[in-house]
Structure formats: C-alpha cells, structure tokens
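Colleague: Below are the chains, spelled out letter by letter.
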Amino acid sequence: MKKKTVFRTIAVVFSVLLPLILTVSCTLNINLPKSYAMVYGISKYIDSYNEGVYPNLTYSDDDAVSVSSMLEAKGYTVITRTDSAASKEQFLADVDTINSEIRPGDLFLFYYSGHGAQSRDLEPSSKGVEPPDRDSDDEWIFLYGSIAVSGSGLTIDESRTFDDDELGKALKTIKTSRKVVIIDSCNSGGFIGNTLEIDRVPQNFTGKINILNAGVLKEAVTLYADYSKNNSAPPDISPSNALVISASGESEVTYESSSLGHGLLTYFFLDTPKDADLNKDGYVTVLESFAYVQAAINVNWNTYYLNTDYALSPHISGGAVDFVLFPAN
Amino acid sequence: MHKKNIYLFSIFVILSAPVFSENRGFSLGLSGGAGISLTKDSRFAVKLQPGIDYHFSTEIPLFSDDFHIGSRIGYMHWLNSSLSKGILYRGYSSVYFGLSVSFRRRIPFKLFRTGISIGGRLIGEASINEYDYTYLDYFYPSAGIEAFAEFIPEFAPFISFIAVIPFIYNFRPDLQYSSSSPFSIRLKLYPVVLWRKL
Numbered sequence: 001m002k003k004k005t006v007f008r009t010i011a012v013v014f015s016v017l018l019p020l021i022l023t024v025s026c027t028l029n030i031n032l033p034k035s036y037a038m039v040y041g042i043s044k045y046i047d048s049y050n051e052g053v054y055p056n057l058t059y060s061d062d063d064a065v066s067v068s069s070m071l072e073a074k075g076y077t078v079i080t081r082t083d084s085a086a087s088k089e090q091f092l093a094d095v096d097t098i099n100s101e102i103r104p105g106d107l108f109l110f111y112y113s114g115h116g117a118q119s120r121d122l123e124p125s126s127k128g129v130e131p132p133d134r135d136s137d138d139e140w141i142f143l144y145g146s147i148a149v150s151g152s153g154l155t156i157d158e159s160r161t162f163d164d165d166e167l168g169k170a171l172k173t174i175k176t177s178r179k180v181v182i183i184d185s186c187n188s189g190g191f192i193g194n195t196l197e198i199d200r201v202p203q204n205f206t207g208k209i210n211i212l213n214a215g216v217l218k219e220a221v222t223l224y225a226d227y228s229k230n231n232s233a234p235p236d237i238s239p240s241n242a243l244v245i246s247a248s249g250e251s252e253v254t255y256e257s258s259s260l261g262h263g264l265l266t267y268f269f270l271d272t273p274k275d276a277d278l279n280k281d282g283y284v285t286v287l288e289s290f291a292y293v294q295a296a297i298n299v300n301w302n303t304y305y306l307n308t309d310y311a312l313s314p315h316i317s318g319g320a321v322d323f324v325l326f327p328a329n
Numbered sequence: 330m331h332k333k334n335i336y337l338f339s340i341f342v343i344l345s346a347p348v349f350s351e352n353r354g355f356s357l358g359l360s361g362g363a364g365i366s367l368t369k370d371s372r373f374a375v376k377l378q379p380g381i382d383y384h385f386s387t388e389i390p391l392f393s394d395d396f397h398i399g400s401r402i403g404y405m406h407w408l409n410s411s412l413s414k415g416i417l418y419r420g421y422s423s424v425y426f427g428l429s430v431s432f433r434r435r436i437p438f439k440l441f442r443t444g445i446s447i448g449g450r451l452i453g454e455a456s457i458n459e460y461d462y463t464y465l466d467y468f469y470p471s472a473g474i475e476a477f478a479e480f481i482p483e484f485a486p487f488i489s490f491i492a493v494i495p496f497i498y499n500f501r502p503d504l505q506y507s508s509s510s511p512f513s514i515r516l517k518l519y520p521v522v523l524w525r526k527l
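Going down the list, the protein sequences come from chains A and B. The opening residue of the first sequence carries number 1 in this note's numbering; numbering runs sequentially from there. The opening residue of the second sequence carries number 330 in this note's numbering; numbering runs sequentially from there.
Everything labelled a hint here was simulated from the structure, so no lab data went into it. Incorrect hints may appear among the rest.
Here are the computed lysine to any residue pairs in the SDA-like style, where the Cα-Cα straight-line distance is at most 20 Å [as the list claims (entries may be wrong)]:
#1 K34(A) - R372(B)
#2 K280(A) - Y462(B)
#3 K369(B) - Y460(B)
In this text, all values refer to a predicted model and were calculated from it rather than measured experimentally.
This is chain A alone, in the form it adopts within the complex:
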C-alpha cells in the first residue's frame, strides 16, 4: 500500500502538477496597464527648405503620424509632435504632462524618427564611472531647432539635442518603471546601455553575427564582475531605465525609402500588431516587435546589401524583463 502511495505521488507530481504549472504560467487572461506615448518625428529641420532637401528628411513626420495612429488604435494615449513642434523644450513640457497623468504601473513609450549622429566623447571622465573603453562615443538625436543653416554650411546647437546619457536622465524622471524607447535614426544603437550583456550583432553590421568564442565568454565574465561598478552610474539608457529598440547599430546609418514611404524600422514596426505575435499568445511584446523588425529588415533589405555599408541591423536592450506593447490584431 505504501509503495502504491509513493508511485501515485510521483505520478501526480509529474503528470498533473507540472502541466498545471505550465498552463498557469501561460495563462492569457492578463490585465494590461494604461499606456502613454510621446511620438516625435522631424522631417523639416530647416523650414525654408523642402522636405528631402538636406538636411531635411522626407518621411520622419509621416513615420510619427503613422505610429501615432497605430498606437491610438491600440489604446494608447498619444502626444504627437512633428517638425517644428518636436523641439527639446516641447519634449520636456510633454514629459511634465505625462507625469501629471501616469501611474507607476503604466507603460510609457517614446518614439523618435529623425536625424541621429555619433561623435567622439571628448570628456569621458565627466560622466563619472562610465567605462571609456566601452562607451567612448556619444550618440545624439536632433530635435527641432538643433540644426540651423549658417552661410554655406550647417551649425548644430547641442543644447537643443539629446545625447544618449541626457535622454536616459530625462526618461528617469518619468514616474513609471515600464518605459520603452524606439529610435528610428542613424547611430541609434548607441542609446542602448547594456551593463551585463554582450551583443553579438556587430554595431557595424555587414551580414555576419560574431561567433560565441572565448573572447565573448571572457568579456561576459568581465561584465559580470564589473556589474556593480558599471551599474552605479550606467551610461546611455540602461535596461532598468527603459527598453530601447534602435533602428541601427551605434556605428551605422539607417535609411528612409521612397518605395516604403517610411524609415526602414518604422515601416516594419507598423506591421507588428498583425505580424509580430511570434508565439501566438495574442500579445506583442517589445522583444517580439524587435525580433520581427530585425528579421524583416534582414529579409527585405540586407539580402540585397550583404557585405556593404548599406547593411544594418536593429538592436535591443538586454535585461530579463520584457513588456507587452499591445494586443495583436
């Protein structure tokens, strides 16, 4: 009788309890928090120039309008700013507006389409413990008013741009722990501030993923050992601050396409509600959006530009946490 009891107990554990745990953990009845978004897109940096005339872009304002519509259809409360309305001053004012409404458990998303750039960090020591060998460059997004025509050239007003560290600080003031940033601009991979993970997708992607070799292992162990030091004042936007999806690596440019009518990342991101529910659970997460967009760019763009400077790859923040962006269509 005792033997039977033992075997019955084992049978219950393995045949009932385990599947029950699996089922419970896959339960689809979820309570999504309220979602807020600030959507910025700048095509016309210089009002007197037409769209598409350098330094103006052609589709960034359209990117923002389309992303806004998509997010509104998914239940987001959206603030949309295009061209001259998308300034740094307006960004800071919009953050205040969001903070007056958002609660700690809500989701916040910042989307940006426009110019981005990279420059050598002249004073890495000014950023506290930022490891200069890991992040010796600053990346920038250019809000309206930061680019002006001066004679035959352009001048940059840095005070009206956001660099990676400064945007990270601005995001920290938003009163929720669920933040997502999507940046469709050149060099946007530099906004990702992983302090534990090695990204094997090169920041200057030409079609090859770095192999998992002894060098990667050694670097991963080093990052683990230095985690506390690096994370005390993390560079860029750390995964615990916000999850970032970037259009390109920190050493890459990205493109907008007349045949697509959008920036590359945005064009495929707009498809995510219907195509990016990769595990068919009815919801699209940040990671699923990234995976879908990365695969779509590989198939529809990189196929034609392998081993050239035109090849590019989106990147995503590390960290163990992922957020639901919206229900799938």
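The hints should help you fit chain B onto chain A, whose structure is shown.
Modeller: Chain B in isolation, oriented as in the chain A frame:
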C-alpha cells in the same frame, strides 16, 4: 610536459583503481528533465518560467561508493513567464559547466535486491546565456543542492536510474532573485561494472 604526464597518470590511476576494488568506479550520466525557474526583478513581482534541462555528467568515487566528485556540461532553455499585468521575464537558453560533490547511502528496499541509494549533491555551475530572439549573451554563476534516489536494476547492474530534485540559486546581479529547479531523470552507466560483467 612532465607535469602533464603526471596529471594523466593520476587520472588513469583514479579511473582504473575501482577495477581492482569493490566499488562501482566512475560513471557517465545522461539527464533530461523539466522544471520551473523563479525570477524576480526588484521592480516587479516574482514569476515562474517553465523550462527543460539536458546534461551530460561524469562522477568518480573517492575512497568508497558513498562519496563522489563529478563534473557536468549541459543545456537549459527557460520559456517566457506569463504576461500577467503586462510584464514578463524573457525566455533564455543556457550552456553550463558544473562541478559537484555528492554523498549517498544505500538503503534496503524490498522491490530491488540491489537496494536504493539516496543522497545529496552540492553543485557549482557557470553558465553563458542568451535571451530568445537575440544574440545578447551574459554570464552568471550558480550554486545548488540536489536530492536524489538511485535505482540499480538487477538485470543490468552496470546502469542505474536516478530521480533528481535540484534547487539551484543563480547569482544574477540584474535580478533580485533567480533560482531554478529542473526535476530530472538520469541514466547512468558504470563502465567498470560493465567491464567486470564482460
């Protein structure tokens, strides 16, 4: 070169000693199992992640059949946690290497004339991990304990079946808490016993 030969000779002595003694000698094991991982970020609630574990292990008896040292190399995959309240923990894969020490006692059991050994094992592991859908790799060490029961069938005493219930704590600096318990069944082969049989 001289040192290397000494090491190789030592390993040979350790592995071959059981052939001329009473104990069962070294073993090779293949494990497969499923279980749960508990994950908690400091900002969010703890959640379960179901997963699977496969590993290959080898153990060498020290002094007697009761005390073993071992090593293992394995693969785990943990699925996403639930999506409840709009947050989830990412699924990831791990490749790990571990060292272990174990102690076991044979106890009489009416069903098997060969008896059952029960015991415990201390484990230290190091793993390289990658989040699903990404090439983001990260490292963390782990430590844990296992309780196990080993059944040796009378018809084939050179093998054994082992049921293992582990608890592994993961030293992840980015999480407030992370542990895993992949319940597994292990098939072990004792080459020395097989050699004696032959």
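Colleague: Confirm or reject each hint.
Modeller: Hint-by-hint comparison with the structure:
no. : hint              : in the structure
1   : K34(A) - R372(B)  : holds (17 Å)
2   : K280(A) - Y462(B) : holds (15 Å)
3   : K369(B) - Y460(B) : holds (16 Å)
When held up to the earlier numbered hints, the structure conflicts with none and fits them all.
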